[in-house]
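Here the protein sequences come in this chain order: H and U.
Just so we're aligned, residue 10 is where the first sequence starts under our numbering, counting upward by one.
Just so we're aligned, residue 10 is where the second sequence starts under our numbering, counting upward by one.
It is worth saying that the hints were derived from the structure and are not from the lab.
Take these hints with a grain of salt, some might be off.
It does not matter which identical chain is meant; a pair holds if it fits inside one copy or across any two.
Stated by the list, open to error - In the EDC-like style, the derived pairs of lysine to aspartate or glutamate whose C-alpha atoms are separated by at most 16 Å in a straight line are:
id, residue 1, residue 2
1, Lys244, Glu208
2, Lys130, Glu226
3, Lys130, Asp57
4, Lys244, Glu212
All values derive from a computational prediction rather than experimental measurement.
Protein chains: 2
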Amino acid sequence: MKDRGNYDLGTIHSIVNETPVCHVSFAPDPADPFPAILPMIGVMGSFDFPSASLDEPMDCYLHGYVSSRIMNLARASEQGLPVCVAATRVDGVVLSLTPNSHSYNYRSAVLHGYGNVVETKEEKLYAMQLITNSVVRNRWGNSRTPPDAAEMQSTVILKVSVVSGSGKIRDGGPHDENKDQSRDELTEKIWTGVMPLWETFGEPVSSPLNRVEQVPEHITSHRADVNQRNEEYAKSAATE
Amino acid sequence: MKDRGNYDLGTIHSIVNETPVCHVSFAPDPADPFPAILPMIGVMGSFDFPSASLDEPMDCYLHGYVSSRIMNLARASEQGLPVCVAATRVDGVVLSLTPNSHSYNYRSAVLHGYGNVVETKEEKLYAMQLITNSVVRNRWGNSRTPPDAAEMQSTVILKVSVVSGSGKIRDGGPHDENKDQSRDELTEKIWTGVMPLWETFGEPVSSPLNRVEQVPEHITSHRADVNQRNEEYAKSAATE
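Construct all of the structure, not just a fragment, from the sequences and the given hints.
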């Protein structure tokens with residue numbers, strides 16, 4: 010894959026926020042040779058400076074299935090559990106003359122940092138709201154809140170204090186070498202270009218127990234906006 | 010997230026094969042506390058038993074940007090580099106009465122194994138063909154092959170000998186607790202259900218240098234088949 014480095018904070022944070030599931034890696038056990046990877050929801054935020062913009066330093070709040078093993082690891086170390094958080098969006102398939110110059114258009118962000126379990130009720134509530142609204146915009150205000158004592162107790166949020174981050178973006182069409190591009194018998198036969206790829210939300214499907222007839226605006230507008238953003242990005246990346 | 014364990018080989022292998030980008034984790038350096046994650050293309054295959062079906066044990070071939078650091082790590086250890094490979098598909102957003110019971114529908118596969126650089130020309134060719142055809146079906150036979158000596162030289166493929174694997178699948182609608190489901194003032198106000206999510210290929214965009222007027226059949230049929238498979242899966246998972 011052809012890469013273009015991009016280390017702008019705002020870009021890196023946006024890639025994390027727009028990726029439905031991040032992959033979080035850590036070393037589970039000194040005796041285990043294999044690192045572990047968990048798929049988790051990741052959102053950038055700052056409890057101490059809630060008005061911080063995406064261009065400023067932020068923490069990464071993670072939610073998902075967190076085993077007691079991870080919680081113990083995070084609580085056992087003074088700094089926190091060293092983790093790597095990866096967020097990747099695939100935006101298209103780049104088809105060129107020869108297999109070796111094939112590629113994906115993509116956006117990728119990687120963070121390194123120390124993960125700690127969020128312990129105070131205030132910060133946990135802040136993070137739960139952030140995470141719920143990242144799944145569907147304004148969903149927090151449109152569901153039964155606040156969580157009760159048992160729900161607060163059972164919810165585990167990891168907060169990653171970011172030490173370093175990087176981003177890579179690949180867009181545009183194929184780049185073939187002259188040795189192939191100059192051969193008519195190849196270019197007359199092999200189609201080259203980009204097939205854009207994006208994630209799209211389908212029509213919402215009501216639960217059998219649902220009693221609200223019309224799908225509410227916060228869901229329909231989220232669906233429309235995300236679908237438009239994803240499609241426009243992938244299509245424009247194809248011709249960049 | 011509510012999980013259902015699924016350890017069937019065929020299911021795990023299919024999730025890896027149908028995920029455009031896998032996340033591969035390893036320990037880069039004993040002095041570095043942080044694991045590394047690389048986004049890579051991953052395909053299951055068996056060079057020794059090329060007719061093996063997805064239900065049988067297989068290796069995982071990985072392609073992507075492989076630094077000389079990783080290659081040296083893989084070559085330095087006798088068994089290979091311990092890696093974790095994760096493949097995750099998000100199939101929908103599950104919206105319930107309370108934030109705590111929100112979830113994703115998803116399919117997730119995780120493999121642990123030892124990564125080694127593929128060294129023989131024959132196996133490298135086998136893996137390159139597998140990987141190219143996983144990006145777009147039959148693309149290998151519709152591009153300039155075989156790779157020349159320089160291309161063979163510059164291509165790095167990692168082969169993971171899988172030691173263990175696991176899979177998880179979550180589908181269906183929301184599951185709310187009785188304490189919420191029995192409250193009319195909640196169920197009359199809060200919409201519950203699933204918003205399916207899937208990856209879709211857009212119309213292929215020709216490169217400015219492309220000279221083949223019609224987008225060939227191997228591309229249009231791949232697009233149509235993958236789009237249909239993804240959409241059907243996400244929609245059926247919503248009502249499962």
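Going down the list of hints, with the structure as the test:
no.	hint	result
1	Lys244 <-> Glu208	both (12 Å within a copy, 14 Å between copies)
2	Lys130 <-> Glu226	neither (30 Å within a copy, 57 Å between copies)
3	Lys130 <-> Asp57	within (14 Å within a copy, 56 Å between copies)
4	Lys244 <-> Glu212	between (22 Å within a copy, 9 Å between copies)
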